[in-house]
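Q: Residues per chain are reported as follows:
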Amino acid sequence: MAKSEDGIHILQGLLVFGNVVIGMCGIALTAECIFFVSDPHGLYPLLEATENDDIYAAAWIGIFVGFALFALSILGIIGVIKSNRTLLLMYIILMLITYAFEMASCITAATHRDFLTPNLFLKQMLERYQKSETDNNNDSWMTKRVTETWDKLMLQNQCCGVQGPSDWQEYTSAFRDTHNDADFPWPHNCCVLDARGSPVNLDGCKLGVQGYYNSNGCYDVISGPMNTHAWGVAWFGFAILCWTFCVLLGTMFYWSRIEY
Amino acid sequence: LPDQGLKPQIAAPQLATNNPTLTTVALEKPFCMFDSSLHPNKSYVVYLYVMKESANAISSLVTDNNGKPLNSTFQQTSGGQTGPYKAALFNVPNCASPPKLADVGDVNRASDVLKQYLFRVGDDGTCLYDPNFLAVCNPPLSPDTTYRFKYVLVDSTEGIMKEQTLWSDPIKTRRVKLPLKIDTWPGQRSGGMIVITSVLSVLVFLLLAGFLASVSSVVMRPEDSSAVTKHTSQTIQQSELTPQLISE
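Just so you know, the protein sequences line up as chains R and A, in that order. With this note's numbering, letter number 205 in the first sequence gets 205, and the count goes up by one each step, no holes. With this note's numbering, letter number 212 in the second sequence gets 212, and the count goes up by one each step, no holes.
Just to be clear, a hint being listed does not mean it is correct.
[To be verified] Listed below are the simulated EDC-like cross-link pairs for lysine to aspartate or glutamate, each with C-alpha atoms no more than 20 Å apart in a straight line: (1) Lys-144/R with Asp-203/R; (2) Lys-115/A with Asp-203/R; (3) Lys-115/A with Asp-183/R.
Hints were generated in silico from the structure; no laboratory data involved. None of the values given here were measured: they were computed from a predicted structure.
With the rest of the complex left out, here is chain R (with noise of 0.2 Å):
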């Protein structure tokens, strides 16, 4: 009898930790998922306009999620300290639901990072920005947000289009209708500018001179921050549902052992 309540102690123990862990975890999860949604690079309107935001509810789920975790986790602990079954039902069935939802998370996050590639971002810029006839007011919303973005992007990280200046001359684009490529071969945003926001030198960056236009590409500066999004919501859940399942596993075994 002694060997067998030392082992059922040592359960209980364990699983009291686990579901500390796991409700520590819930609030990381939902700090980490606000910091997100809060979307502290501004880079939410491109994925808006490119219908492709689902990385952003991967991480709106995940808030929800977190907290859940963080209140099951309490219950879980009163539920194995008092070894009372039909808390322990409620911990594993409300657990399973929360476990779901986390994995819709994790899978939508890591599936729709694959889709954000260059050249998704390629064409959505040359196909909205500035474009100066818009169908419909979403349209016309998106538009401006589009290039308001593409515009603080340019200025604020010294870039220029998604690979490079060369996009806005090898496509044809919604800025090409607008203005001609003798006076605007790319956005003047593109050319290193002075002090007052105009360009040091308009000839030099018209023509390609090191120096005084931005040579390299925007992909980076927008992938960068969009990886560590997804990757954050996507692994750091996965890491949690792994612990979970073991927790869980362990609660099913100590619910299905005690007698009343």
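Assemble chain A onto chain R, guided by the hints.
A: Frame of chain R; chain A shown alone:
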């Protein structure tokens, strides 16, 4: 008038990286190309003629019968289609002291260096539509078209051609692609995504199996098996009491 085998050259690619563009071509000015014909007491100008390569079949003459350079414009030749048109007129570049290309890095001198070193054909997008424009119009070229260029040295007092270079090598303006044609298909799935999806699916399956196993073991278990009880201490107390009662 000896032709020296010299041709207009495109501007140095390490300087002007965006060249030729859709509608412009930047050419090096004719440094030291006409020096053998320059008389010290006379004043000269250089004319630049542009024509589409296809116009060669029709006419590639830049002077009339009297040796005077043609005054053809962009509109008259349909953009260089029926013959050469005059696109520019500038002073003879200084052979003795050409601009140093390295100076272009200096912000204050960059404009001067560029202006002295090269000329951008197609630079003026508005002169075609400006009725008051009286100078030589240099409108944008057509995309995806081959052009050829020629410099002509003209005596400004007599107005006759002194010397001309050969027609340049054919230079083609850029061609554009449609953004519709850009393929946004992501291609292969990343390894991370496959790992996450497959491992999580397996884990969920195992969890559900474990849940069913524990529920069925609870439902079908006989009443008196030894297990964790809520009243473990009470059971021990009871079993300790019973021997006492028996002994009493």
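Q: Kindly indicate which numbered hints from before are broken by the structure, ordering the numbers from low to high.
A: Of the numbered hints, just 1 does not hold.
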